[in-house]
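By this note's numbering, the letter at position 87 of the sequence shown is numbered 91, and the numbering carries on one by one without gaps.
If you are wondering where the hints come from, they were derived from the structure by calculation, not from laboratory data.
Note that the coordinates shown come from a computational prediction; the quantities given were computed from them, not determined experimentally.
Check before you lean on any hint, since a few could be wrong.
Between beta-carbon pairs, the in silico distance windows are [claimed, not checked]:
1. Asn117 to Pro55: 18 to 28 angstroms
2. Arg28 to Thr53: 11 to 21 angstroms
3. Gln24 to Ala68: 16 to 26 angstroms
Ideal Cβ placement from N, Cα and C applies to all residues, glycine included.
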Amino acid sequence: MEDDDTFELYDLRVEVVACQPGKRMVCHHPIGAYFEVSGENLSLPAGQTFPIYPLAALLSLIPAKQRMTHPNDWMSTDMDIACPDPNCGGIFRIKRIGKRKFSHHEVTAVPLNPVENKT
C-alpha cells in the first residue's frame, strides 16, 4: 500500500494481584494467574486456566485499555478492577506492557476511505 494505514495498540497483561480484605477468592483465579492480549489475540500460559465469568467482565475494558488515551483520562491511570462476583475478593490489574503496530488493511476488509456510491 502506498498510504500509511498503520495504527498502534498496547499489548496488555491482566493479572490477579490481590484479594480484598475480609473476602476470599471464590472464582478459582489464584493470585498470580494472568492472561495477555496482543491485538485481538488472548493467550494464557501453558497449563493455566482462567474463569469465564470474570473474563467476560474484563473483556469489555480491553479495547479501551489497548488504545492511546489522554493522560488525564481514568483509563490511562486506573489499572485495578474488582472481580464482578460480589462474593469474590479478587482484584485484577490491567497493565500496558508494550506497543504493537497494525495495518488497517490487514485487520479489516472495509476500506479506509470508502468511495460513496453516487447513483
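**Request:** Provide an ascending list of the numbers of those earlier hints which the structure does not satisfy.
**Result:** 1
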